[in-house]
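A.B. asks: Here is how the chains run, residue by residue.
There are 2 protein chains.
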Amino acid sequence: MSNRRLLLLSNSTNYGETYLKYPKESISKFLEKDNEEILFIPYAGVGFSYDMYTEKVALPFSELGYRIIGIHTFPDPKQAVMDAEVIAVGGGNTFELLNQLYANKLVEVIQERVNSGVPYMGWSAGSNVASPSIKTTNDMPIVEPPSFNALNLVPFQINPHYTEAQLPNHGGETRKDRIKEFLHLNQDDAVIGIPEGNLLEISDNSCKLRGDDIIKVFKYGAEILNLSSKDNLDFLLE
Amino acid sequence: MSNRRLLLLSNSTNYGETYLKYPKESISKFLEKDNEEILFIPYAGVGFSYDMYTEKVALPFSELGYRIIGIHTFPDPKQAVMDAEVIAVGGGNTFELLNQLYANKLVEVIQERVNSGVPYMGWSAGSNVASPSIKTTNDMPIVEPPSFNALNLVPFQINPHYTEAQLPNHGGETRKDRIKEFLHLNQDDAVIGIPEGNLLEISDNSCKLRGDDIIKVFKYGAEILNLSSKDNLDFLLE
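Taken in sequence, the protein lines are chains A and B.
When the letters of the first sequence are read in order and numbered with numbering that gives the first Met the number 0, they come out as residues 0 to 237.
When the letters of the second sequence are read in order and numbered with numbering that gives the first Met the number 0, they come out as residues 0 to 237.
Since the hints were made in silico from the structure, they are not lab data.
Please read all numbers here as calculations on a predicted model, not as lab measurements.
It is possible that some hints are incorrect.
To be verified - 30 Å max Cα-Cα, derived BS3-like pairs, lysine-lysine: (1) A:Lys175 x B:Lys207; (2) A:Lys55 x B:Lys20; (3) A:Lys20 x B:Lys175; (4) A:Lys179 x B:Lys104; (5) A:Lys55 x B:Lys218; (6) A:Lys104 x B:Lys179; (7) A:Lys104 x A:Lys55; (8) B:Lys175 x B:Lys104; (9) A:Lys55 x B:Lys104; (10) A:Lys175 x B:Lys229; (11) A:Lys175 x A:Lys215; (12) B:Lys179 x A:Lys179; (13) A:Lys175 x B:Lys20; (14) A:Lys77 x A:Lys229; (15) A:Lys20 x B:Lys179; (16) A:Lys215 x B:Lys20; (17) B:Lys77 x A:Lys175; (18) B:Lys175 x A:Lys179; (19) B:Lys55 x A:Lys175; (20) A:Lys179 x B:Lys55; (21) B:Lys20 x A:Lys179.
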């Protein structure tokens, strides 16, 4: 997997900002100049059309000089992945996204393409499915995918929209509680909590945090690691 | 299913109160005097032992004069359900709870017993699994159960810990957004959002809200219904 290049975003949009604003500079640096066309996978969108979703995503990318094309406009989605120069997977519902990736038989072909060097960009649900499984998503399981196994493009679980904030006077589990429960049942796994407004950039065996916040690395029976953009994160890929 | 008796709680404990305090009176009224022993299913608990969980639950029940016995202390859990006078299912992680119900082959036997009149009490995850599926849980999918199909003891989906509060400056979907997404993919289903501190009491074909708050009834393409303990909820069982 030494050729892989991934940009894994916690979220698309910071509260109160325009769509995909905060990651614009990172996306621009990540893409190469001769990548003119980006294959967009809108399957996580529920309750609005893939056309509408693709149009929404196309705008910020067009400002950077890139053209977004929705995978649903191709007669053969598998072939579209095989021909893609860049793959972008948008946020929404992680269960529905993975369900549609299976329904369209895209899991293996995306793995093959990304492992041969096709850049992969994902935000929120699109970052969740880059993990070995979707077991650390925050989403509601509104549909049952054939499996929780996901694209496995990185060796760790991502928890996007990571926060330690809690609703006042509400008894639900904190995010940290949930991740600890995950680790109890999945003791060999690592989980990376990425706060909104932050992203991981992975290139070959290098992993960098882009963003001003602290990411948390959770492992079973270990102290939680607090890491910033100044830290070397390459060990996460081992 | 005309004999069924269920007490479905949003949560075990209101913020800042002692364990299972708010539902105590409702539980006391729900149980019959000759129900001395309650079979407790602690499978939703993750990260602490079933013994610890059972002990925690036993205390408030002992104050009402009832004895709690954990299903894990029986050599044959299926037989324990067949012999049970009352079944209580505690909260925790809904995916792990359903996974263990399948692993211990208890789904059908619980359905049979509850449909023959054995009282069923559940809170949080224990209420989620009383629904046709676990697709409206708030929990993290830390383990993959063989199916999302659940006990189907009532004809509607429960969303426990229902709230319309949002974390400030956080971009995640609201609870309402999530339920709308569920309905988009499950258009024949109804979802009932039950705020913390409230519960449904079901007896034969009667359904009553116990609690001071408003429950929300969501159906695809329909206005959200706001219902209180003064409203007749029997239509939910049709």
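A.B. asks: Run every hint past the structure and note whether it holds.
C.D. replies: Outcome of the hint check:
1. A:Lys175 x B:Lys207: Outside the cut-off at roughly 35 Å; violated.
2. A:Lys55 x B:Lys20: Violated, at about 48 Å.
3. A:Lys20 x B:Lys175: holds (25 Å)
4. A:Lys179 x B:Lys104: holds (27 Å)
5. A:Lys55 x B:Lys218: It holds: about 28 Å lies between the C-alpha atoms, which stays within 30 Å.
6. A:Lys104 x B:Lys179: holds (27 Å)
7. A:Lys104 x A:Lys55: Holds: lysine 104 of chain A and lysine 55 of chain A sit about 25 Å apart, inside 30 Å.
8. B:Lys175 x B:Lys104: The hint is violated at about 34 Å.
9. A:Lys55 x B:Lys104: Cα-Cα ~47 Å, so violated.
10. A:Lys175 x B:Lys229: violated (38 Å)
11. A:Lys175 x A:Lys215: With a Cα-Cα distance of about 10 Å, the restraint between lysine 175 of chain A and lysine 215 of chain A holds, given a limit of 30 Å.
12. B:Lys179 x A:Lys179: holds (29 Å)
13. A:Lys175 x B:Lys20: holds (25 Å)
14. A:Lys77 x A:Lys229: Violated. Lysine 77 of chain A to lysine 229 of chain A sits at ~39 Å, over the 30 Å cutoff.
15. A:Lys20 x B:Lys179: It holds: about 26 Å lies between the C-alpha atoms, which stays within 30 Å.
16. A:Lys215 x B:Lys20: The given pair, whose Cα atoms are some 35 Å apart, is violated under the 30 Å limit.
17. B:Lys77 x A:Lys175: With a Cα-Cα distance of about 34 Å, the restraint between lysine 77 of chain B and lysine 175 of chain A is violated, given a limit of 30 Å.
18. B:Lys175 x A:Lys179: holds (26 Å)
19. B:Lys55 x A:Lys175: Distance ~22 Å between lysine 55 of chain B and lysine 175 of chain A Cα, so the pair holds.
20. A:Lys179 x B:Lys55: The hint holds at about 20 Å.
21. B:Lys20 x A:Lys179: holds (26 Å)
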